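For reference, the chains in residue letters:
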Amino acid sequence: MIACDAYGYCAELLPEIVELDEWGYPIVGGEVTAELLADARRAAEACPMLALRLQRARPVRAARELKLV
Amino acid sequence: MRAFAYSPALERDRLLAPGRGRGYGSHLATYGSLPRIAKRDGRLLAEIEQSGLTGRGGAGFPTVTKLYSVAKESRAAVVANGTEGEPASDKDKVLLACNPHLVLDGLAVAGRLVGARTTTIAVGCAATAAVSGVEAAIEERPSAERPRLVLVPDRFVAGEESALVSAVDGGAAEPTGRRPYRSGVLVQNVETLAHLALVARRGAEWFRQAGTQAEPGTALASVRGAVASPGVVEFALGATLGELFERCGGLSEPVDAVLIGGYFGKWLRADAELVLTEESLRARGGALGARVIVALPRASCGIVEVARVARYMAGESAGQCGPCVFGLSALADELDALATGRLGATAERIAKLEAQIARRGACAHPDGTLGFVTSGLELFSDEVELHRRGTCSATSHAHVLPADGSKVIA
Numbered sequence: 001m002i003a004c005d006a007y008g009y010c011a012e013l014l015p016e017i018v019e020l021d022e023w024g025y026p027i028v029g030g031e032v033t034a035e036l037l038a039d040a041r042r043a044a045e046a047c048p049m050l051a052l053r054l055q056r057a058r059p060v061r062a063a064r065e066l067k068l069v
Numbered sequence: 001m002r003a004f005a006y007s008p009a010l011e012r013d014r015l016l017a018p019g020r021g022r023g024y025g026s027h028l029a030t031y032g033s034l035p036r037i038a039k040r041d042g043r044l045l046a047e048i049e050q051s052g053l054t055g056r057g058g059a060g061f062p063t064v065t066k067l068y069s070v071a072k073e074s075r076a077a078v079v080a081n082g083t084e085g086e087p088a089s090d091k092d093k094v095l096l097a098c099n100p101h102l103v104l105d106g107l108a109v110a111g112r113l114v115g116a117r118t119t120t121i122a123v124g125c126a127a128t129a130a131v132s133g134v135e136a137a138i139e140e141r142p143s144a145e146r147p148r149l150v151l152v153p154d155r156f157v158a159g160e161e162s163a164l165v166s167a168v169d170g171g172a173a174e175p176t177g178r179r180p181y182r183s184g185v186l187v188q189n190v191e192t193l194a195h196l197a198l199v200a201r202r203g204a205e206w207f208r209q210a211g212t213q214a215e216p217g218t219a220l221a222s223v224r225g226a227v228a229s230p231g232v233v234e235f236a237l238g239a240t241l242g243e244l245f246e247r248c249g250g251l252s253e254p255v256d257a258v259l260i261g262g263y264f265g266k267w268l269r270a271d272a273e274l275v276l277t278e279e280s281l282r283a284r285g286g287a288l289g290a291r292v293i294v295a296l297p298r299a300s301c302g303i304v305e306v307a308r309v310a311r312y313m314a315g316e317s318a319g320q321c322g323p324c325v326f327g328l329s330a331l332a333d334e335l336d337a338l339a340t341g342r343l344g345a346t347a348e349r350i351a352k353l354e355a356q357i358a359r360r361g362a363c364a365h366p367d368g369t370l371g372f373v374t375s376g377l378e379l380f381s382d383e384v385e386l387h388r389r390g391t392c393s394a395t396s397h398a399h400v401l402p403a404d405g406s407k408v409i410a
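If you read the protein sequences in the order shown, they are chains C and D.
The first sequence begins at 1 in our numbering and counts up by one.
The second sequence begins at 1 in our numbering and counts up by one.
Treat the hints as calculated values from the structure; they're not laboratory data.
All values reported here derive from a predicted model rather than from experimental measurement.
Ideal Cβ positions, reconstructed from N, Cα and C, are used throughout, including at glycine.
Don't take every hint at face value.
Now the stretches of chain D that chain C is said to cover, found in silico as 3 or more residues with beta-carbon under 8 Å [what the hints assert, rightly or not]:
id	region
1	164-178
2	311-323
3	355-362
From the derived model, a few chain D residues whose C-beta atoms are all more than 10 Å from chain C [said to hold, decoys possible]:
id	residue
4	TYR31
5	ARG146
6	ARG208
7	GLU243
8	THR395
Simulated restraints, written as ranges between beta carbons of each label pair [said to hold, decoys possible]:
id	chain 1	residue 1	chain 2	residue 2	range
9	D	PHE61	C	GLY8	31 to 41 Å
10	D	GLY249	C	GLY8	48 to 58 Å
11	D	ALA347	C	ALA6	19 to 29 Å
12	C	ARG41	D	ARG36	56 to 66 Å
13	C	GLU45	D	ALA129	48 to 58 Å
14	C	GLU31	D	LEU34	51 to 61 Å
15	D	THR340	C	GLY29	34 to 44 Å
Bound conformation, chain C alone (with noise of 0.2 Å):
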């Protein structure tokens, strides 16, 4: 189950990274890059549903990526 509930903060924060589908749910795509890493975190922070959470990418390297959950 996706927690998301299409508040859409997420978008309003981190535009560069996620995009709103025509329904407001976040598809999220590309690199937290390091000049990103501030507005993820805080894209991650705001959303109400708890749904996006920031983690390292795989194969393990300094970046990060989003991921709705």
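Position chain D against the provided structure of chain C, taking the given hints into account.
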């Protein structure tokens, strides 16, 4: 290597063996009693590995891999999955109604092999003949090996592993996204368990006498549509589509398209030479799945069938993931428009919806449905063009696929 061995003499001898009755006495007379099985019996596990038995619920996962994985857990449980929420599939209901003891044997075997504390059998509540068959069979068995019977809601998603475990634990029959075997719960389709009961009695070599080297054994199929006697038949994997239809009395009218694998399956061009194995179907972009095989009469409209099933599947969404809820329903709207020749349904719009649905659900429901729809639109592309121009080549308006929410009970 034996390729595509098909033995009519063997195929009738297994799950749907003639002469066996529903009672425990006649069951034992037909199949013999189960051998003694030690807890986590290494020899039998090796035998099952050699048999090459795979899950018969649709995913085709090697049975022994799940058994080994769950046997490692200290608190193991087994759930026999007899929910069969797919309306076009009847094989599990028929098996449970006609041969419940073989399934219960398999459940007991699986329970021993993983050292289970509990065994449970789950059946869809609307499958009355299956429920009464299982209830009567449980009563007849020695009290030490009576599993719990749980009735689950008659919904498409209720049979998904994590949804089933949730329902068995008293929760909602909705997918949770968890993998039950990781927490010690072995979920096996009831047909898989029936095969397991026979491997335990007769061994791997016997099991491999039917089927192909890579995909051994027999399997049950639910055959519908333009055949003389639709119903559930047992066939050796590697048989051809033509042979399967012959088992059902042959085609009753001309057929150009078949649905293989049910509502998560694919539409393929009808070909009597098509070999019924996962390997052969994969090469054609399809899958055998839970072996729902529907011969679409030439007189019927494929677009109408695709649209009806898409609407049904949208309604069967568990309602947990936005892209599944909104996407499937929007897709069903477009397909309705296309089926009824209303303007507005464009290839671009459908493609855009597909892109917004694909790989965005927590379970297989949206992607499975999408595969069904896209394979249909591709196979029926000529008919799609006719519909765009406001016409249809069909001469019959009888519905072929059950999709109105009321399940057909065998």
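field: Distance rule for D/TYR31, whose beta carbon must clear each one in chain C by more than 10 Å
entry: holds, 41 Å
- prompt: Do the Cβ positions of D/ALA347 and C/ALA6 conform to the proposed distance bound of 19 to 29 Å?
  reply: holds, 27 Å
message: Please verify that the nearest CB of chain C lies beyond 10 Å from D/THR395's CB.
response: Holds, because the least Cβ-Cβ distance between D/THR395 and chain C comes to about 38 Å, which exceeds 10 Å.
- prompt: That 34 to 44 Å hint for D/THR340 and C/GLY29 (C-beta), does it hold up?
  reply: holds, 36 Å
Satisfaction of the hinted span 51 to 61 Å by the C-beta atoms belonging to C/GLU31 and D/LEU34: With Cβ atoms ~56 Å apart, the hint holds.
Chain C versus D/GLU243 - minimum CB to CB distance exceeding 10 Å, so not interface: holds, 42 Å
field: 8 Å C-beta criterion, at least three residues: is the region 355-362 of chain D covered by chain C
entry: holds (count 4)
task: Confirm or reject the claim that C/ARG41 and D/ARG36 have a C-beta distance inside 56 to 66 Å.
output: holds, 59 Å
query: Per the stated criterion, does the least C-beta distance between D/ARG208 and chain C lie above 10 Å, as a non-interface residue requires?
result: Consistent with the label, D/ARG208 stays out of reach of chain C, its closest Cβ about 39 Å off (over 10 Å).
field: Assertion that chain C covers the region 311-323 of chain D - criterion: three or more residues, beta-carbon distance below 8 Å
entry: holds (count 5)
message: I want to verify a distance hint. Is the separation of the beta carbons of D/GLY249 and C/GLY8 within 48 to 58 Å?
response: holds, 57 Å
- request: Classify the label on D/ARG146 as holds or violated, using whether its beta-carbon is more than 10 Å from each beta-carbon of chain C.
  value: holds, 33 Å
Of the numbered hints stated above, none is contradicted by the structure.
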